[in-house]
Amino acid sequence: MAQSELTRLTAAQVAAAVAGGQVSAAEVTQAHLDRIEAVEPAVHAFLHVASEQALAAARAVDERRAAGQPLGPLAGVPLALKDVFTTTDMPTTCGSRILAGWQPPYDATVTRRLRRAGAVLLGKTNMDEFAMGSSTENSAFGPSHNPWDLSRVPGGSSGGSAAAVAAYEAPLAMGTDTGGSIRQPGAVCGIVGVKPTYGGSSRYGLVAFASSLDTPGPLARTVLDAALLHEAISGHDPCDSTSVDAPVPPVVAAARHADVSGLRVGVVAELGGEGYQPGVLARFGEAVDLLESLGAKVTEVSCPHFRYALPAYYLIAPSECSSNLARFDAMRYGLRTGDDGTASAEEVMSLTRAAGFGPEVKRRIILGTYALSSGYYDAYYGKAQQVRTLICRDFDAAFEQVDVLVSPTTPTTAFPIGERADDPMAMYLADLCTIPSDLAGNAALSVPCGLAPEDGLPVGLQVMAPALGDDRMYRVGAAVEAALEQRWGGPLLARAAQIGPAEGIGR
Amino acid sequence: MSAPAEKVLAYDDAVTRYEPVIGLETHVELGTATKMFCGCPTAFGAEPNTAVCPVCLGLPGSLPVTNRRAIEYTIRIGLALNCTIATWCRFARKNYFYPDMPKDFQISQYDEPLCTDGYLNVRVGDDLVRIGIERVHLEEDTGKSLHVGGATGRIHGADYSLVDYNRAGIPLVEVVTKPVPGTGPLAPEVARAYVTELRELLRSLGVSDVRMEEGSLRCDVNTSIGLPKAAWGTRTETKNVNSLRSVERAVRSEIQRQAAVLDGGGRVVQETRHFQEASGTTTSGRSKEEAQDYRYFPEPDLVPVAPPAAWVDELRAALPELPAARRVRLQAEWGLSDADMAALRNAGALDLVEQTVAAGTTPADARKWWLGELARRANEAGADLAALPVTPAQVARVTALVTAGTLNDKLARQVLDLVLAGEGEPDDIVAARGLAVVSDDGALAVAVDEAIAANPDIAAKIRDGKAAAAGALVGAVMKATRGQADAGRARELILERLS
Chain F
293 MAQSELTRLT
303 AAQVAAAVAG
313 GQVSAAEVTQ
323 AHLDRIEAVE
333 PAVHAFLHVA
343 SEQALAAARA
353 VDERRAAGQP
363 LGPLAGVPLA
373 LKDVFTTTDM
383 PTTCGSRILA
393 GWQPPYDATV
403 TRRLRRAGAV
413 LLGKTNMDEF
423 AMGSSTENSA
433 FGPSHNPWDL
443 SRVPGGSSGG
453 SAAAVAAYEA
463 PLAMGTDTGG
473 SIRQPGAVCG
483 IVGVKPTYGG
493 SSRYGLVAFA
503 SSLDTPGPLA
513 RTVLDAALLH
523 EAISGHDPCD
533 STSVDAPVPP
543 VVAAARHADV
553 SGLRVGVVAE
563 LGGEGYQPGV
573 LARFGEAVDL
583 LESLGAKVTE
593 VSCPHFRYAL
603 PAYYLIAPSE
613 CSSNLARFDA
623 MRYGLRTGDD
633 GTASAEEVMS
643 LTRAAGFGPE
653 VKRRIILGTY
663 ALSSGYYDAY
673 YGKAQQVRTL
683 ICRDFDAAFE
693 QVDVLVSPTT
703 PTTAFPIGER
713 ADDPMAMYLA
723 DLCTIPSDLA
733 GNAALSVPCG
743 LAPEDGLPVG
753 LQVMAPALGD
763 DRMYRVGAAV
773 EAALEQRWGG
783 PLLARAAQIG
793 PAEGIGR
Chain D
266 MSAPAEKVLA
276 YDDAVTRYEP
286 VIGLETHVEL
296 GTATKMFCGC
306 PTAFGAEPNT
316 AVCPVCLGLP
326 GSLPVTNRRA
336 IEYTIRIGLA
346 LNCTIATWCR
356 FARKNYFYPD
366 MPKDFQISQY
376 DEPLCTDGYL
386 NVRVGDDLVR
396 IGIERVHLEE
406 DTGKSLHVGG
416 ATGRIHGADY
426 SLVDYNRAGI
436 PLVEVVTKPV
446 PGTGPLAPEV
456 ARAYVTELRE
466 LLRSLGVSDV
476 RMEEGSLRCD
486 VNTSIGLPKA
496 AWGTRTETKN
506 VNSLRSVERA
516 VRSEIQRQAA
526 VLDGGGRVVQ
536 ETRHFQEASG
546 TTTSGRSKEE
556 AQDYRYFPEP
566 DLVPVAPPAA
576 WVDELRAALP
586 ELPAARRVRL
596 QAEWGLSDAD
606 MAALRNAGAL
616 DLVEQTVAAG
626 TTPADARKWW
636 LGELARRANE
646 AGADLAALPV
656 TPAQVARVTA
666 LVTAGTLNDK
676 LARQVLDLVL
686 AGEGEPDDIV
696 AARGLAVVSD
706 DGALAVAVDE
716 AIAANPDIAA
726 KIRDGKAAAA
736 GALVGAVMKA
746 TRGQADAGRA
756 RELILERLS
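Protein sequence lines correspond, in order, to chains F and D. Heads up: the first sequence at position 153 corresponds to 445 in our numbering, and the numbers run straight through without jumps. Heads up: the second sequence at position 217 corresponds to 482 in our numbering, and the numbers run straight through without jumps.
Keep in mind that the hints were calculated from the coordinates and are not lab data. Ideal Cβ placement from N, Cα and C applies to all residues, glycine included. Be aware that one or more of the hints could be misleading.
To be verified - Pairwise CB distance ranges, derived in the manner of DEER restraints:
#1 D:333 - F:393: 57 to 63 Å
#2 D:549 - F:634: 46 to 52 Å
#3 D:646 - F:654: 23 to 29 Å
#4 D:535 - F:654: 29 to 35 Å
#5 F:678 - D:333: 55 to 61 Å
#6 D:313 - F:528: 32 to 38 Å
#7 F:393 - D:315: 24 to 30 Å
#8 F:689 - D:549: 57 to 63 Å
#9 F:634 - D:543: 56 to 62 Å
#10 F:538 - D:575: 19 to 25 Å
Said to hold, decoys possible - Derived pair list, reagent style DSS-like, types lysine-lysine, alpha-carbon separation capped at 25 Å:
#11 D:359 - F:675
#12 D:359 - D:443
#13 D:359 - D:494
#14 D:359 - F:654
#15 D:409 - D:504
#16 D:744 - D:726
Please model the entire structure based on the sequences and the hints provided.
Okay, here's the thing in structure tokens:
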């Protein structure tokens, strides 16, 4: 198989080919490393590429196979890890100067499970600093570029992971979703992005942004691939108290059962209309029609408190982050600034944090510090938690009427780099549709549903399911994917501009 | 620190004019095998920064997991203090920056403590004082800072600071009393009696080694004074109070200092103060005006604690006999007066005597040895009685040897000395040193005959019927046998020969 063909394979195909001996894990890994080398100057999806460790891991898989030992479900499948998961053999920076060069002494549970599943970790992907942002422009190490249009953002905060998958640098990538940080980049890069049920995948070793919201999840080019990765990282972890001690929803089986006949699908009335890009609404409308044509029973459902989700989120998430990020104080690890032998510990802390955090992180720390302050707590943090409860109740009521809810994943397609960089409010709106599921802690998936006519950029369909009902959204995602690929004559990504030396970089 | 000495009022004047109100916050390191939120050991005295892991170092990405045993211990403390146990409560983050706090927040409890609204009765003289317990909550300890250079041992003025994170994450229970008014001049003693009683209670529960000198029990003392029948005054919080005696002294000196401030027309500043062991006084720390806003909020990394009622009932049923009840029982069993009992308790000898009695000694003998000879030795060594290298079983064996006539009191003291010197078990020492009382007539007879021969005048007096003079000859026999003679038998032999 030619190298370029190897990078076009899905994760499921790679796993099967490696297990069946049609191709070695080392060959697959080398093909992806070559691809990374070729396109990274244009895409900048990675902060760190671990070629040697990746090839060593791949050879270990090949040796196991040669020795007749059992292989993990992702054996030999290359994977890119968002730089927010700790790794003992690679730095973990969270896209921040304050952690530049920090090499953790322990692996995240996700990292550990992926290694055990046989995945080949290619490296660490770019992200908005500490996962705060929707474009990767908040990375201290420069933005990543959307493979569909290199002048545009790949979304964020897991933008590096989404760009890596969309640019065929890896068939799979891990992201984290706090306000939409997997689904939104998935949508604007034309790939599948999944936020599992909160607590379904362990947060141990995921550097915290907002503890009550952070959820690790997969990015992939197909729904089945996302399910395979979802399953590999899921299950109870005694190191994470908020991890769910319940059977993992049968997501892989659901992804193979692309049938929505009789399924009750609710269109969220509040997520659409004014402020949404017409092409996004058009593609979303077509996807809903498609579901109906596939036998789903579509109704409109109202979730009246969703309109308060964004403001509630921008109190809860910054509050938690103001506390979570306090530990970056120059005392034990990471950046230390101003320690000239005369400065006090307090001054060094202050100078380091001033130099080490970017503007968006500082903005949120300040917002959160304010919201938790004595005298303001009830009006801000307390009120936001009440809104969160109301949003949970909206979901509960909705899921009594329907099996899944759908909406556009994002109000617009990928925006140009720099366009919203100085307008935080505009940037925050990118997560308008994704935030409710984060606040409620349930499951949601974004699957490509076409290109917006006005800019030719991908649009995502969001499917939301009740907590621990993750399998339901995979059924819907797989059905939509199958029907649309049949209509298109292939995956949506095949219509993206080709990047790489053979085809010339850019559109 | 060479801060100018603050004026104080004579104690008697202070408590005549003003009515003190006290309150105590006691931190107790729990004796769990592992830390509050990770699996690191809690042992005291390990090399710095060896009992640490990503969780208690607060490394990015690490998460806490609650130690179930710490919850259990806290509930048991709450039950022993007659508290209500929460059916559902949460941990909260207390946010502030300090180098010895790895996450720059402390996982604690705020408005939802595990135990609330209890009491502890303490006896001061003939008075029984009920100390209300506001709350008992659970939190994690911080690391320990060592500030090197500078005069105060505090971070300001230090050349550099070292931090040991071994202590970071050790489970810490905080027991907070309600304000205690109405104790008048007894306030310092009440404070001390409370901490003493609490310490005994905690020890009886087996939840902590309650060593104030190692910091496993630490006290903050709140003190205010006001005019009788008037509103309470402004309180100060005195930290660094690390012995029972210091608790008493801290309250006393704060009452005197505050009285001088009020007498001088000033007002007491609400502030944190530091107890100075050397002078027995307090010095000003940070004032509440610069106080931190801790921005408490529910800890999102942990699920709520909801102890099932059946479990709490089980723990309640399994509580051991508590110190107050035990003292009543022992006093009755041993037939002691209140004063005897108090002396025993003040000497820290209650457990030792009980164990010695359990090993077969009479209560009177056990008391005699522990409060007499051994208390004197402990005093000489400047150590606690319990810290002497002698066990109740060894003391019991020595008293048994005395009862059996193998040892007399003098020999018994020698044997105990050798036990304390690490020479082994009493029986071995007796055998090795040949310390047993000489009571066989053959050996004694020789000594008696020699004594008679050497003291013809005394012998003559005895022959003349003055039996009381035999004492001098017994003394000579004892001297000749280096104290090993059975004095009673020697006297018999002397009188036999001279009758």
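Results of checking the hints against the structure:
{"no.": "1", "hint": "D:333 - F:393: 57 to 63 Å", "result": "38 Å, violated"}
{"no.": "2", "hint": "D:549 - F:634: 46 to 52 Å", "result": "26 Å, violated"}
{"no.": "3", "hint": "D:646 - F:654: 23 to 29 Å", "result": "59 Å, violated"}
{"no.": "4", "hint": "D:535 - F:654: 29 to 35 Å", "result": "33 Å, holds"}
{"no.": "5", "hint": "F:678 - D:333: 55 to 61 Å", "result": "31 Å, violated"}
{"no.": "6", "hint": "D:313 - F:528: 32 to 38 Å", "result": "35 Å, holds"}
{"no.": "7", "hint": "F:393 - D:315: 24 to 30 Å", "result": "25 Å, holds"}
{"no.": "8", "hint": "F:689 - D:549: 57 to 63 Å", "result": "58 Å, holds"}
{"no.": "9", "hint": "F:634 - D:543: 56 to 62 Å", "result": "31 Å, violated"}
{"no.": "10", "hint": "F:538 - D:575: 19 to 25 Å", "result": "24 Å, holds"}
{"no.": "11", "hint": "D:359 - F:675", "result": "20 Å, holds"}
{"no.": "12", "hint": "D:359 - D:443", "result": "22 Å, holds"}
{"no.": "13", "hint": "D:359 - D:494", "result": "37 Å, violated"}
{"no.": "14", "hint": "D:359 - F:654", "result": "20 Å, holds"}
{"no.": "15", "hint": "D:409 - D:504", "result": "15 Å, holds"}
{"no.": "16", "hint": "D:744 - D:726", "result": "21 Å, holds"}
The structure shown violates the earlier hints numbered 1, 2, 3, 5, 9 and 13.
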